[in-house]
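There are 2 protein chains.
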Amino acid sequence: MKKYNVAILGATGAVGQEFLNLIEERNFPFANLKMLASARSAGKKIEFMGKEYTVEETTAASFKDVQIALFAGGAASKEFAPAAVQAGAVVIDNSSTYRMDPEVPLVVPEVNPEDIAKHKGIIANPNCTTAILLMALKPLHDLGHCKRLIISTYQAASGAGKEGMEELEVESRQLAKGEATEPKVFPVGKLPKHYQLAFNAIPQVDVFQENGYTKEEMKMVNETRKILHEPELKITATTVRIPVYRSHAESVVAEFDKKVTVEEARAAIAKFQGAQLRDDPAEQEYPMPLDTSGKNDVEVGRLRYDESAENSLNFWVCGDQIRKGAALNALQIAEYMVEHDMI
Amino acid sequence: MKKYNVAILGATGAVGQEFLNLIEERNFPFANLKMLASARSAGKKIEFMGKEYTVEETTAASFKDVQIALFAGGAASKEFAPAAVQAGAVVIDNSSTYRMDPEVPLVVPEVNPEDIAKHKGIIANPNCTTAILLMALKPLHDLGHCKRLIISTYQAASGAGKEGMEELEVESRQLAKGEATEPKVFPVGKLPKHYQLAFNAIPQVDVFQENGYTKEEMKMVNETRKILHEPELKITATTVRIPVYRSHAESVVAEFDKKVTVEEARAAIAKFQGAQLRDDPAEQEYPMPLDTSGKNDVEVGRLRYDESAENSLNFWVCGDQIRKGAALNALQIAEYMVEHDMI
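Heads up: the sequence lines are chains A and B, in that order.
Residue numbers for the first sequence follow my numbering, so the first one is 49 and each next one is one higher.
Residue numbers for the second sequence follow my numbering, so the first one is 49 and each next one is one higher.
No lab work stands behind these hints: they were computed from the structure.
Treat the hints loosely; a few may be bogus.
Chain A side only, calculated, beta carbon under 10 Å to chain B, not exhaustive [unchecked claim]: (1) 224; (2) 230; (3) 233; (4) 235; (5) 242; (6) 244; (7) 291; (8) 366.
Listed next, the in silico DSBU-like pairs over lysine-lysine satisfying Cα-Cα at most 35 Å (straight line) [what the hints assert, rightly or not]: (9) B:232 x A:319; (10) B:307 x A:307; (11) A:238 x B:307; (12) B:92 x B:307; (13) B:210 x A:343; (14) B:282 x A:195; (15) B:241 x A:263; (16) B:319 x A:238; (17) B:210 x A:225; (18) B:343 x A:225; (19) B:343 x A:232; (20) B:319 x A:282; (21) A:195 x B:225; (22) A:195 x B:307; (23) B:168 x B:307; (24) B:306 x A:225; (25) B:51 x B:92; (26) A:263 x B:306; (27) A:343 x B:306; (28) A:307 x B:319; (29) A:306 x B:282; (30) B:241 x A:307; (31) A:210 x B:225; (32) B:238 x A:307; (33) B:307 x A:306; (34) B:225 x A:241; (35) A:307 x B:168; (36) A:282 x B:92; (37) B:307 x A:263; (38) A:263 x A:306; (39) B:225 x A:99; (40) A:241 x B:343.
Owing to the predicted nature of the structure, the values given are computational and were not obtained by experimental measurement.
Backbone N, C-alpha and C fix where the C-beta goes; we use that ideal spot for every residue, glycine too.
Take these sequences, add in the hints, and give me the full structure.
So this is what it looks like as structure tokens:
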């Protein structure tokens with residue numbers, strides 16, 4: 049079997065660590081592995097599959113002989129993706145930098161794998177809430193054309209990386225001891241103004257735009273349209289951070305151009321690769337963030353008719369933010385390219 | 049000033065205790081005060097405004113000479129409301145028993161005070177999510193007739209009373225110590241099957257109905273229609289429990305029969321009695337459950353155009369579940385009756 053030289057940019061972060069877990073779990077065929085990060089993390093040791101790796105500071109020269117560069121996200125993508133492509137690597141990028149670039153495919157492998165072939169060196173990984181939504185929506189959209197989506201999210205602390213999860217843990221521990229909290233992470237906005245996430249809900253994920261929406265909300269609108277090739281699809285979203293560690297949940301109303309029955313919808317989700325149907329109200333069975341944490345599959349439930357509109361369904365979807373919402377989806381893109389001999 | 053003999057049924061619970069806090073805070077003109085509860089709580093002592101009260105077991109005879117009976121909710125309402133009315137008391141009932149009874153007014157005093165006069169002994173207090181929603185919706189509905197509502201809730205543990213809040217606290221403390229949790233309260237469903245609420249989101253509030261909706265979701269539909277006298281109003285709701293102690297939040301999309309501008313909506317909410325506008329994205333200001341806990345006013349923010357439909361607005365509302373969602377609203381009904389000499 050062919051093996052590939054892989055670099056992970058952001059190897060010490062939450063998404064970078066999950067790349068490593070998944071490469072091991074899924075037997076990704078790597079030859080050499082480079083652990084790249086910022087100067088701050090350079091020199092750190094990472095033990096992986098019985099071997100010790102030293103984290104290197106990323107420079108333009110880091111990508112020599114690299115075939116697949118997995119970028120965990122953040123500002124480094126803009127800085128180093130062109131150099132990596134120049135060096136001959138395929139960049140699979142988890143940042144938002146290139147997602148809306150018409151030259152860059154934005155891919156969920158179960159939804160639009162055909163777009164991968166159009167790449168010119170960079171393939172973008174969608175925002176976590178978008179990837180998780182689409183794993184539930186695509187099988188329904190195949191049954192009846194989706195016309196409008198109304199989404200409210202329940203997002204985990206992991207969206208702000210390790211730092212976000214640590215913040216929630218520290219706050220929870222401080223409160224259990226009756227101590228005051230000192231919020232430093234949430235919301236991740238423009239201002240140095242932070243709120244306690246523990247026992248709270250913060251209706252701001254990412255910075256606010258001119259139109260009153262957050263960047264996260266507009267990502268859901270624009271990325272969903274791009275991935276489905278439906279530029280006219282009507283979407284509105286409210287994104288909210290809640291005190292959960294690493295799995296996002298979304299409450300969704302989807303209007304279709306014809307009737308989709310709950311039974312058809314359930315059947316379509318049950319057989320969709322990467323999605324699990326968990327929908328048995330009589331048994332109090334439905335997806336929950338705790339249950340999907342650390343899992344690859346997205347779970348879908350609470351499927352029912354929206355009685356406020358014609359041809360409309362309500363559902364609830366949960367998925368691991370670091371897996372399907374980030375590292376897993378990116379690695380699946382690499383796997384698809386390997387399988388189809390595209391690298 | 050006239051003073052009234054008041055009985056509180058369920059005096060030892062979360063709502064009952066809040067009745068006492070509010071009676072003191074708001075100088076409710078009581079003469080005698082009776083603390084009623086189940087046999088299990090009878091004999092307990094309650095210290096209130098410098099006086100010690102003994103909790104009595106509720107019987108049909110408990111309501112002799114009582115003018116105002118504040119029922120905190122639960123099964124006792126069905127059992128004792130007729131006896132209280134028979135004895136000449138006005139019953140303000142926080143349970144769901146009588147809410148949809150056409151003979152019983154269902155009232156949010158800022159929204160439909162005129163319905164109070166139609167009572168025949170019992171006045172029903174709406175479900176917490178409905179009361180909180182209406183404090184934001186009524187001023188908007190007055191600007192443009194509301195045609196459709198899509199709601200996703202973020203509900204606090206207090207919806208299951210003291211027991212619910214204790215469960216969240218105990219779970220959080222156990223997890224902070226690395227211990228396993230033993231969920232006993234959530235969801236409050238038909239089955240003896242419970243899930244951890246700490247660091248989780250449970251998309252079930254109350255029992256499931258035949259149509260796949262929970263009772264809580266259908267309460268929002270039916271009670272909102274009744275209070276607004278809009279039997280045709282289209283509503284769909286998804287109700288979700290999150291790890292927050294006592295304040296509910298709701299993400300709402302409201303479609304109107306004509307354009308309502310964000311500026312008009314903000315102005316209308318700002319001047320609506322009992323609502324506070326907290327809506328300044330540039331300053332990262334919006335309502336949060338932590339901020340509204342223990343407060344009387346409901347807060348509204350994240351007002352913006354829903355770009356997925358004509359004449360549609362998105363907003364976010366937070367309110368204390370035990371105050372405006374229960375005890376405060378009920379006491380406000382009593383205050384209205386006192387002010388208008390209706391007792």
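Does residue 225 (chain B) sit within 35 Å of residue 210 (chain A), going by the straight-line distance between their CA atoms? 20 Å, holds
Is residue 238 (chain A) within 35 Å of residue 307 (chain B), Cα to Cα? 31 Å, holds
What's the verdict on residue 343 (chain B) and residue 225 (chain A), does the C-alpha distance respect the 35 Å limit or exceed it? 25 Å, holds
Taking 35 Å as the top limit, are the C-alpha atoms of residue 282 (chain A) and residue 92 (chain B) close enough? 58 Å, violated
Run the distance test for residue 241 (chain A) versus residue 343 (chain B): straight-line Cα separation, threshold 35 Å. OK: residue 241 (chain A) and residue 343 (chain B) at ~22 Å, within 35 Å.
Check the hint pairing residue 210 (chain B) with residue 225 (chain A) against an upper bound of 35 Å on the C-alpha distance. Between residue 210 (chain B) and residue 225 (chain A) the Cα gap is close to 20 Å, so the pair holds against 35 Å.
Between residue 343 (chain B) and residue 232 (chain A), is the straight-line Cα distance small enough, at 35 Å or below? Holds, at about 25 Å.
Pairwise hint evaluation, residue 225 (chain A) against residue 306 (chain B), where the allowed Cα distance is 35 Å at most: The hint is violated at about 52 Å.
Distance restraint between residue 307 (chain A) and residue 168 (chain B), which requires alpha-carbon spacing of 35 Å or less: Judged against 35 Å, a Cα distance of about 45 Å means the pair is violated.
Please verify whether residue 241 (chain B) and residue 307 (chain A) have alpha carbons no more than 35 Å apart. 34 Å, holds
With a cut-off of 10 Å, does the beta carbon of residue 244 (chain A) approach a beta carbon of chain B closely enough for the hint to hold? Hint holds; residue 244 (chain A) Cβ to chain B Cβ min 6 Å, cut 10 Å.
Agreement of residue 195 (chain A) and residue 307 (chain B) with the hint, judged by alpha carbon distance not exceeding 35 Å: 21 Å, holds
Hints 2, 3, 12, 15, 21, 23, 24, 27, 28, 35 and 36 from the list above are not met by this structure, while the remaining hints are.
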